[in-house]
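Novice: Can you make the complete structure from the sequences, with help from the hints?
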Amino acid sequence: MDRQAERGRQAEQTEQAEQSGQDGQAEQAGQDGQVERKPARERAERRTAREQVEQRAMRRAVELAAERLGLTGANPTVGCVVLDDRLRVVGEGSHRHDGEPHAEVVALAAAGTRARGGTAVVTLEPCAHTGRTGPCTEALRAAGVARVVYAVADPTPRAGGGAAVLAAAGIATEGGLLAAEATRANRYWLTNATRLRPWVTWKFGATLDGRIAAADGSSRWITSAAARADAHLLRARHGAVLVGAGTVRTDDPHLGVRHGVAGPAPVRVVVAADPSRLPATARVFDGSARTLLAVPERFARAAAPPGAELLPIGPPDSPPDDPPAGSDGGQVDPRALLSALLGLGIRSVLVEGGPRTAARLLAADCVDEAVGHLAPALLGAGPALLGDLGIATIGGALRWEFRAAEPVGPDLRVSVVPVPDLPVPDLPVPDLPGEGAPGEGALVGAGGWTA
Numbered sequence: 001m002d003r004q005a006e007r008g009r010q011a012e013q014t015e016q017a018e019q020s021g022q023d024g025q026a027e028q029a030g031q032d033g034q035v036e037r038k039p040a041r042e043r044a045e046r047r048t049a050r051e052q053v054e055q056r057a058m059r060r061a062v063e064l065a066a067e068r069l070g071l072t073g074a075n076p077t078v079g080c081v082v083l084d085d086r087l088r089v090v091g092e093g094s095h096r097h098d099g100e101p102h103a104e105v106v107a108l109a110a111a112g113t114r115a116r117g118g119t120a121v122v123t124l125e126p127c128a129h130t131g132r133t134g135p136c137t138e139a140l141r142a143a144g145v146a147r148v149v150y151a152v153a154d155p156t157p158r159a160g161g162g163a164a165v166l167a168a169a170g171i172a173t174e175g176g177l178l179a180a181e182a183t184r185a186n187r188y189w190l191t192n193a194t195r196l197r198p199w200v201t202w203k204f205g206a207t208l209d210g211r212i213a214a215a216d217g218s219s220r221w222i223t224s225a226a227a228r229a230d231a232h233l234l235r236a237r238h239g240a241v242l243v244g245a246g247t248v249r250t251d252d253p254h255l256g257v258r259h260g261v262a263g264p265a266p267v268r269v270v271v272a273a274d275p276s277r278l279p280a281t282a283r284v285f286d287g288s289a290r291t292l293l294a295v296p297e298r299f300a301r302a303a304a305p306p307g308a309e310l311l312p313i314g315p316p317d318s319p320p321d322d323p324p325a326g327s328d329g330g331q332v333d334p335r336a337l338l339s340a341l342l343g344l345g346i347r348s349v350l351v352e353g354g355p356r357t358a359a360r361l362l363a364a365d366c367v368d369e370a371v372g373h374l375a376p377a378l379l380g381a382g383p384a385l386l387g388d389l390g391i392a393t394i395g396g397a398l399r400w401e402f403r404a405a406e407p408v409g410p411d412l413r414v415s416v417v418p419v420p421d422l423p424v425p426d427l428p429v430p431d432l433p434g435e436g437a438p439g440e441g442a443l444v445g446a447g448g449w450t451a
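Mapping of the sequence shown onto UniProt numbering: residues 1 to 451, in sequence order.
Think of the hints as simulated: they come from the structure by calculation, not from any bench. From the three backbone atoms N, C-alpha and C, an ideal C-beta is built for every residue, glycine too. There's no promise every hint is true.
[What the hints assert, rightly or not] Simulated restraints, written as ranges between beta carbons of each label pair:
1. G395 - R41: 50 to 56 Å
2. L378 - D98: 43 to 49 Å
3. D85 - R41: 19 to 25 Å
4. W400 - L87: 36 to 42 Å
5. G134 - I394: 51 to 57 Å
[Unchecked claim] With a Cα cut of at most 25 Å, we get these calculated SDA-like pairs of lysine to any residue:
6. K203 - R335
7. K203 - R403
8. K203 - A340
9. K203 - A193
10. K203 - I391
Specialist: Below, the structure written as structure tokens:
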């Protein structure tokens, strides 16, 4: 029995030793796997940390660009942040005005030698051409930057292609980070480059039921002083303010920048089918700012009021034989007018005209954003804020989406942008007593502009 017990103990010890060896081998294999997986995990963590830092840097670059919106002349609004090789912010800057250093050059100057081996985070693809300043691609290469992250590709054939130039120089490049935010910050210039016209903002003030005046024509004031001051901020950020002849005759606006708002005076643009129907004593012709009187080309030789420049817009057209009551009878094509304004160096236009002016721009697909100040008031009657768009059914509605809404004094400031080609669900609609069946509608463009 003792020998059997001894043999049993020996077998048990052998089994335990074998199991211990297997466990040790398994543990060692696990450790080896951890050693193999550890560098990959560390690389992923470093990549995630770098992406987070670059995203924060891009948000700051977008802020820098947005601060210069409307103030850079013919050039884009661009912001740049430089990170060193340990992902620390060592420089930042924005482009101030055409002819001055670009954002990358400003940020690199702030970073100095700390930019070497680092990353440049910029809202627009660095330019690769020589204009009044040198190419930013060369400045980045000379600074020893190892990586460039940009938000939006440059769409212009002259300055675009900077990413390829950087890559050929051995600099890692990546595009698309926060592209929507950067596009918003540079919307004037990008619209100029891609749509070949100024950015157009339609600004209005109205009651909650969409009235811009009471039934007797009184309108001062529907919105608050705070809302009116905010409207002057909008004027200061646009290159021109545009109204129709009807607004000049009815409201006699000045269209300058007041309420303590600092900034350059925008160009004043008045659209008139017949300049002879405008009062020469209108405040818009006081000579305090450049004023353009846009007219059909047939009035190219007409005398402009003192303090205004005539801007004939072709092709020539003829007034109808029997123009409707209250109409000037002629037309100015909105697209042709906007193209002419861009040719004069006007990069953005704030439309403050009446219902017909707004409707003609909208029908021509020439409005990029609408900013409205809505007063908590109801009238129930009076002029509506928008004229006839020629839309007969709900299927033809122009679809927009809210971008922002915030209180301004007692009023609400809303910002909306168009939704291109948004499909309308084809849902069954019950027949209602006394109503016709709904039908498919299509937008009927105004085709021209009478003011």
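Novice: Is K203 within 25 Å of A193, Cα to Cα?
Specialist: holds, 23 Å
Novice: Are the Cα positions of K203 and A340 separated by 25 Å at most?
Specialist: holds, 21 Å
Novice: Is it true that W400 and L87 lie within 36 to 42 Å of each other by Cβ?
Specialist: Since the Cβ atoms of W400 and L87 sit about 40 Å apart, the hinted range of 36 to 42 Å holds.
Novice: Within 43 to 49 Å or not, the Cβ separation of L378 and D98?
Specialist: Hint holds: Cβ distance 47 Å, inside 43 to 49 Å.
Novice: Does the Cβ pair G134, I394 satisfy 51 to 57 Å?
Specialist: This hint holds: roughly 55 Å between Cβ atoms.
Novice: Need the status of pair K203, R403: alpha-carbon distance at most 25 Å?
Specialist: The hint holds at about 15 Å.
Novice: Next pair to validate is K203 with R335; report whether the Cα-Cα distance is within 25 Å.
Specialist: OK: K203 and R335 at ~19 Å, within 25 Å.
Novice: Is it true that D85 and R41 lie within 19 to 25 Å of each other by Cβ?
Specialist: holds, 22 Å
Novice: Check the following: the C-beta atoms of G395 and R41 are separated by a distance inside 50 to 56 Å.
Specialist: holds, 54 Å
Novice: Given the hinted pair K203 and I391, is their Cα-Cα distance within 25 Å?
Specialist: holds, 22 Å
Checked against the numbered hints given earlier, this structure breaks none of them.
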